[in-house]
Amino acid sequence: MAARMLLSPRKSLLALSAALAVLAGCAGPARQGLAFSTWGSIDEMDILKPILAEFTRRTEIPVELQHFPKDYAHKLRMVVAAARVPDVMFISNEALPGFADRGVFRDLGPLLEEDPDLGASDFYPQVMKAMSWKGKLYGIPRDLSNLVVFYNKDLFDAAGVRYPEAGWTFADLLRIAPRLTRPGEQWAIGFQPQPLVWTPYVWSHGGDIMDESMSRCTLADPPALQGLNFYVDLRNKHHYAPTDKESGNARMTQLFAQGKLAMFVYGRWAVPGYRKKLTFDWDVAPFPRGPAGSIVDTDSSGWGIAKDSPKQEEAWKLVKFLASRWSIEQFTKSGLIVPSRPDVANSPAFLAGKPASSQVFLDVIETGRPQRVPMAYDEITWELIDNLAPAWTGEEPVDKAVKPLCERITALLRES
Amino acid sequence: MGVESLPAGPSKGHPLRHEANWAWLFIMPALAVIGVFSLLPTVGSFAISFTSWDLLGTPRWVGMDNYQALLQDPLFYKVVGNTLWFVVLYVVLDMVIALALAVALNQKIRGLAIFRTAYFLPVVTSMVAVSIVWEWIYDPGFGILNVVIGWFGAEKVHWLSDPRFALPCLVVMSVWKSLGYTMILFLAGLQAIPPEYTEAAAVDGASGVTRFFRITMPLLGPTLLLVGIMATIRAFQTFDSVYLMTQGGPRRATTVVVYWLFQNAFTYFKLGKASALAYMLFAVLLALTLMQWSLRKRWVHQEEGT
Numbered sequence: 001m002a003a004r005m006l007l008s009p010r011k012s013l014l015a016l017s018a019a020l021a022v023l024a025g026c027a028g029p030a031r032q033g034l035a036f037s038t039w040g041s042i043d044e045m046d047i048l049k050p051i052l053a054e055f056t057r058r059t060e061i062p063v064e065l066q067h068f069p070k071d072y073a074h075k076l077r078m079v080v081a082a083a084r085v086p087d088v089m090f091i092s093n094e095a096l097p098g099f100a101d102r103g104v105f106r107d108l109g110p111l112l113e114e115d116p117d118l119g120a121s122d123f124y125p126q127v128m129k130a131m132s133w134k135g136k137l138y139g140i141p142r143d144l145s146n147l148v149v150f151y152n153k154d155l156f157d158a159a160g161v162r163y164p165e166a167g168w169t170f171a172d173l174l175r176i177a178p179r180l181t182r183p184g185e186q187w188a189i190g191f192q193p194q195p196l197v198w199t200p201y202v203w204s205h206g207g208d209i210m211d212e213s214m215s216r217c218t219l220a221d222p223p224a225l226q227g228l229n230f231y232v233d234l235r236n237k238h239h240y241a242p243t244d245k246e247s248g249n250a251r252m253t254q255l256f257a258q259g260k261l262a263m264f265v266y267g268r269w270a271v272p273g274y275r276k277k278l279t280f281d282w283d284v285a286p287f288p289r290g291p292a293g294s295i296v297d298t299d300s301s302g303w304g305i306a307k308d309s310p311k312q313e314e315a316w317k318l319v320k321f322l323a324s325r326w327s328i329e330q331f332t333k334s335g336l337i338v339p340s341r342p343d344v345a346n347s348p349a350f351l352a353g354k355p356a357s358s359q360v361f362l363d364v365i366e367t368g369r370p371q372r373v374p375m376a377y378d379e380i381t382w383e384l385i386d387n388l389a390p391a392w393t394g395e396e397p398v399d400k401a402v403k404p405l406c407e408r409i410t411a412l413l414r415e416s
Numbered sequence: 417m418g419v420e421s422l423p424a425g426p427s428k429g430h431p432l433r434h435e436a437n438w439a440w441l442f443i444m445p446a447l448a449v450i451g452v453f454s455l456l457p458t459v460g461s462f463a464i465s466f467t468s469w470d471l472l473g474t475p476r477w478v479g480m481d482n483y484q485a486l487l488q489d490p491l492f493y494k495v496v497g498n499t500l501w502f503v504v505l506y507v508v509l510d511m512v513i514a515l516a517l518a519v520a521l522n523q524k525i526r527g528l529a530i531f532r533t534a535y536f537l538p539v540v541t542s543m544v545a546v547s548i549v550w551e552w553i554y555d556p557g558f559g560i561l562n563v564v565i566g567w568f569g570a571e572k573v574h575w576l577s578d579p580r581f582a583l584p585c586l587v588v589m590s591v592w593k594s595l596g597y598t599m600i601l602f603l604a605g606l607q608a609i610p611p612e613y614t615e616a617a618a619v620d621g622a623s624g625v626t627r628f629f630r631i632t633m634p635l636l637g638p639t640l641l642l643v644g645i646m647a648t649i650r651a652f653q654t655f656d657s658v659y660l661m662t663q664g665g666p667r668r669a670t671t672v673v674v675y676w677l678f679q680n681a682f683t684y685f686k687l688g689k690a691s692a693l694a695y696m697l698f699a700v701l702l703a704l705t706l707m708q709w710s711l712r713k714r715w716v717h718q719e720e721g722t
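The listed protein sequences correspond, in order, to chains A and B. So that you can map any letter, position 296 of the first sequence is 296 in the working numbering, and since no number is skipped, the others follow by simple counting. The number in the working numbering is simply the position in the second sequence, starting from 1, with 416 added.
Since the hints were made in silico from the structure, they are not lab data. All values reported here derive from a predicted model rather than from experimental measurement. Be careful, since some hints might not be right.
Keeping only pairs whose Cα atoms sit at most 20 Å apart, straight-line, the calculated EDC-like set for lysine to aspartate or glutamate is [as the list claims (entries may be wrong)]:
no., chain 1, residue 1, chain 2, residue 2
1, A, K136, A, D115
2, B, K494, A, D43
3, A, K403, B, D489
4, A, K153, A, D101
5, A, K317, A, D115
6, B, K494, A, D101
7, B, K494, A, D122
8, A, K307, B, D470
9, A, K317, A, D107
10, A, K307, A, D107
11, A, K333, A, D43
12, A, K245, B, E571
13, A, K70, A, D43
14, B, K572, A, D122
15, B, K572, A, D386
16, A, K317, A, D122
17, A, K320, A, E114
18, A, K307, A, D101
19, B, K572, A, D244
20, A, K70, B, D656
21, A, K75, B, E551
22, A, K245, B, E551
23, A, K245, B, D555
Using the sequences and the hints, build the whole thing.
Right, dumping it as structure tokens:
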């Protein structure tokens, strides 16, 4: 009876549908200004936000910052699948191909060519290559990510060993390592299972994970096996690197900070923390030379524009502003990145402060190259980590672990 | 239904129709939610399981390829093995310990309410918080577990990074978390058993153990069945603890079906393969539940009488 006093059922249904429609509408309000997606730590956001504020002040174009600190590439894909593509997206060269291949990003090559303020020559050619896919440029690079050897000068001094310097070799590494190792307490060099960190050993022996056309795994070929064996021997044969038991849950970057590692292979992003934290004297040196040279990666991250964005002109303005000398300097000053621009790299913004030999990061660009990034990059990375684990602990010889792994990688490469 | 009401068309005033409309209206919010968030994705993912799709491009029809590829993938069998191992360990531990606790807490002892609350607390605690605490417990360097086994001269164990221990470690944590819930169900079952039965058996001279296995257990049949089915399903669906603590490692030792499904869908973006996996899991769960259901005649003695 009481219900009669309310709406009739049909009217109620209408009201409910209307409410649902309103709710659905909430999901897609008109955007104010440019949507810009990025990842990054809180410290990084503290650098980025004033840059964006400055952009809005100069151009009167508001920017809606979409910050996905974790699993960025995965979240970006969801956003793209939901047809809510941000106008401007920060992207790494590892994640780029998946999106570029599906036509999410605009080819920025022609824009850059015509632009009066910005040109390809403002950036290192290696990072331009990293931000390209099938010959087209999909991102204007912010940084150049490569690897060097961080070393603890105090430990070298205590052992009376000369610091590593450009041109030093794997043989040199084997020669000095015993003097920098005190079993159970101190190790000459770090050991990390992440593919990014051990690929320089493989590359510098002339091998690679896959061939240039990314159609076949080459990890079971002799040069790659030599590289892997050299790496594994550092730990399991010579004991110059800590075992899992010895390092416990500590990562190499922590062991280094604790003064228990003389050297380890790592990237520029460790610098801001080390500037604040390290109580000993430290510096960086290039990765040692192998039979094929001293080859580390030159990966990159940069800003791309959504091909379907209705605000192409404003988006390009933002990308240009972010990639300008002034903005890149802001990112560089904290020590966080190796800048994509030689003009910033060769200035105090990058070279001042610790480490004293920051120039090393720039010198190794010459011989570096981006990782090969096939469509199945994520899955292959997982396979590498899982299947090489028994080799890293010495339970299985490298050759035995690599053979089935390589077959699997080749299958994944052919799949896509 | 009266003949007179037939030509009346939309029959505005018919009380039955009217009531049906009201009924629809009342269940519509629930129906809409279930439809949009449950039914639609269920049907949709079945269709997706026959395609190759990476979320960005258009889905491509591949027929049974995803199912076939899964059956040929050695990793699939490892994942299935992990999952079954998890399920067996979990269900047995969860049920045995919870039943023992329920029997213990079914007596009149001091501080009963405190004990019952204490065992139920982990159930209402978020898995994220639980995982963080247990990560400390399992920590090889500072974890209390290694400290305790150290008192007995045992060497430090890398609980979560040793492929032999990682999965059992997750099982123990999951059992600890759900124990209170299972215990409550058993308590309810125990309290539904009329005390006259056990009293009569006691008068006949049956010992405590005999009374438990000959009177209590058979009468607990329906509860055992329910708890068994629920625990099995819960174990098959394990995801959060793996995601939070081991990410499927070390060396895939803790990659269970739902975690692998998640990886395929949202890390490798193989939506078709992930959906096929979901339907294979569904088929297994359905078969298991039907099996448990058909076994109920043997377990559930109460139903025989009625």
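Given pair status - D122 (chain A), K317 (chain A), alpha carbons within 20 Å: holds, 16 Å
Proposed proximity, D101 (chain A) with K153 (chain A) (alpha carbon, max 20 Å): violated, 46 Å
Hinted pair K572 (chain B) and D122 (chain A), Cα distance within 20 Å: Between K572 (chain B) and D122 (chain A) the Cα gap is close to 55 Å, so the pair fails against 20 Å, i.e. violated.
Given pair status - E571 (chain B), K245 (chain A), alpha carbons within 20 Å: holds, 11 Å
Proposed proximity, D107 (chain A) with K307 (chain A) (alpha carbon, max 20 Å): holds, 8 Å
Pairwise hint evaluation, D489 (chain B) against K403 (chain A), where the allowed Cα distance is 20 Å at most: Holds - the C-alpha atoms of D489 (chain B) and K403 (chain A) are around 16 Å apart, at most 20 Å.
Restraint check for K136 (chain A) with D115 (chain A), where alpha carbons must lie at most 20 Å apart: holds, 17 Å
Pair hint outcome, K245 (chain A) versus D555 (chain B) [Cα-Cα no greater than 20 Å]: Holds, at roughly 12 Å.
Pair hint K317 (chain A) and D115 (chain A), alpha-carbon separation not exceeding 20 Å: holds, 11 Å
Straight-line alpha-carbon gap K320 (chain A) to E114 (chain A), limit 20 Å: holds, 13 Å
Agreement of K333 (chain A) and D43 (chain A) with the hint, judged by alpha carbon distance not exceeding 20 Å: holds, 12 Å
Hint consistency between K494 (chain B) and D122 (chain A) [alpha-carbon to alpha-carbon, up to 20 Å]: violated, 51 Å
Hints 2, 4, 6, 7, 14, 15 and 21 from the earlier list are contradicted by this structure; the remaining hints agree with it.
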